[in-house]
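Peer 1: Construct the entire structure; sequences and hints are all you get.
As given, the protein sequences belong to chains A and B, one line each in that order. Residues 236 to 739 in our numbering are what the first sequence spells out, letter by letter. Residues 6 to 72 in our numbering are what the second sequence spells out, letter by letter.
Fair warning: there could be bad hints in the mix.
Beyond 12 Å from chain B on every Cβ pair, some chain A residues (computed) [what the hints assert, rightly or not]:
no., residue
1, Ala-248
2, Leu-250
3, Ala-267
4, Thr-322
5, Phe-330
6, Val-400
7, Val-439
8, Ala-452
9, Leu-474
10, Met-505
11, Ser-510
12, Ala-517
13, Phe-626
14, Gln-681
Okay, the calculated beta carbon distance ranges per label pair [as the list claims (entries may be wrong)]:
no., chain 1, residue 1, chain 2, residue 2, range
15, B, Val-35, A, Ser-733, 18 to 28 Å
16, B, Ile-55, A, Gln-238, 44 to 54 Å
17, B, Asn-11, A, Ser-733, 42 to 52 Å
18, B, Ile-20, A, Arg-657, 22 to 32 Å
19, A, Tyr-654, B, Ala-61, 37 to 47 Å
20, B, Ala-61, A, Leu-371, 35 to 45 Å
21, A, Lys-629, B, Gly-54, 31 to 41 Å
22, B, Asn-11, A, Arg-527, 50 to 60 Å
23, B, Gly-54, A, Leu-697, 28 to 38 Å
24, B, Asn-11, A, Pro-627, 47 to 57 Å
25, A, Leu-371, B, Ile-55, 31 to 41 Å
26, A, Val-614, B, Ile-20, 36 to 46 Å
Only pairs whose alpha carbons sit at most 16 Å apart, straight line, appear in this in silico EDC-like list of lysine to aspartate or glutamate [claimed, not checked]:
no., chain 1, residue 1, chain 2, residue 2
27, A, Lys-458, B, Glu-69
28, B, Lys-13, A, Glu-739
29, A, Lys-729, A, Asp-357
30, A, Lys-592, A, Glu-603
31, A, Lys-342, A, Asp-730
32, A, Lys-443, A, Glu-593
33, A, Lys-342, A, Asp-736
34, A, Lys-458, B, Asp-33
35, A, Lys-342, A, Glu-739
Don't read these hints as lab results, they were simulated from the structure. Glycine residues also receive a C-beta, built at the ideal position from the N, C-alpha and C atoms.
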Amino acid sequence: MNQVDVVALVVFALLFALVTALGFVASRWRKADLDQLHEWGLGGRRFGTLVTWFLLGGDLYTAYTFVAVPALVYGAGALGFFALPYTVITYPFVFVVMPRMWSVSHKHGYITAADFVRGRFDSGALALAVAVTGILATMPYIALQLVGMQVVLGAMGIQGDLPLVIAFLVLAAYTYQSGLRAPALIAVVKDAIIYVTVIAAVVVIPAKLGGYGKVFAAVPPQKLILAPQQFTAYASLALGSALALFLYPHSMTGVLAASGRGVIRRNTAMLPAYSFLLGAIALLGYMALASRVDAAPQYAAGFSRYGTNFAVPALFLDVFPSWFAGFSFAAIAIGALVPAAIMSIAAANLFTRNVYKEFVRPACTPREESTVAKLASLVVKLGALAFIVFFPQKYAIQLQLLGGVWILQTLPAIVLGLYTRRLHRWALLAGWATGMGVGTWMAAMQGFKGSVYPLHLGSTILPGYAALYALIVNLGVAGLGSVALGAANVDAGKDATSPADYGE
Amino acid sequence: MKRKRNPKLWYALLILPFVGTLWVPFYDSVEPRLGGIPYFYWYQFGWIGIGAAITAVVYFATREPDA
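Peer 2: Here you go:
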């Protein structure tokens, strides 16, 4: 652990250099004027089926996912597996909803979900709420990508914050220059090495451990399947997370960068390939249990420093030769760069469109708009970096947990807004505020350690995902408020969209 | 007469993955195992494939002209 693994480090550094070069070259890919926000921040809305598949795959299945999901399964067992049903049900939902989002955004030049809310409900305040929620939910998510990177650097014997700072500055530089083209191009390489790593892991490791039967035999029986009192928590975590996934600004950016509705529809049938990957990665948690890496003295320092997040890196070091360990760590680290880039671009788009242009400089030129976004992407990344360097890691984890609760509160304005104009803008805003408050309170009651809230209904206790409970309150306020405001004839604003704009 | 159903009805198929994965009692068991893997796990893995297949079927059944 304290020894620097030279072979692994060389392989790692070579791959890192390769993607850095790609990141800068990307500015010349499908050359266009990057001083236009839709070119810098959405890649000119020209990504076809295959590029979008890599982009969204690289975007949604992040480095933190690859470290944290097996860590959760390693620690909590079956409950941690909710990531699987979550990715099963998110795509049918996206299949139905997101083509409408793409169509209306394409027609009106919307770059963010908040742009759509602005146009649909004629409310800068509601759009601001959506934008701020998006930025708040995204920042800790970027910070957590750094955690993923930190763990694999540590596994190769690299200590200290400096390598992390360098990696992030490099990332910031090419994101600034190339915009969304950089992560799109890098995602192709990243996903290729991730697939190789995971396929090797699920074939080689169980073989070494004596088959899957042996792997599962190492899991304590009470963790192998769910207890009946965990059912509602499991299902509500899966459902809430599935509904929230595409409300995150970075997912929305991936959707809006597609070249057509068909690209999104086809991708919802193709992206489950990544779900297989995720499920396989989750099982790595059990493989780490079965290989007893936690008991090996050479990994004790890693476990004490990084906790269960060290389970998978330790497993890789244990079973793979050095060069392949370096390869797989590069997969995880590059897996941090792609989403971090897209997230910072998405947050920058939100800031530029829905804060700066809306409230600071309504008359700003396209060039100025694009410059502000580039600078904002730098600020967002530096903020995330500072957060990880100066604050304990657990704050980032807790904030990311809260981020999931918060982002789901934008569902009524965004998703229901795609289908109906009956909800009143002020009622939606009130529902959002209530949902944010209730969700945060529920998480606070758990000491911000988890997002499952034990709801008391009479004498029965219904543990469920706080985000979903908060959403129910949110919808109630939005619905009742809309009826009341409608009855009182309060101005509902002018809808800038027409039914034909939604493409069906 | 050829049937002329509403093509939107195909979308109803998309409810199946939700039912199959969100109703936990369907799969919260160790047996039957498959190649050493408990039912809980291979059942949910199976739904990845079924879910993708269902989405593909609905995609082709509701194909849009320019898509």
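Peer 1: Any hints from earlier that this structure breaks? Give me their numbers in increasing order, please.
Peer 2: 4, 5, 8, 9, 10, 11, 12, 15, 17, 19, 27 and 32
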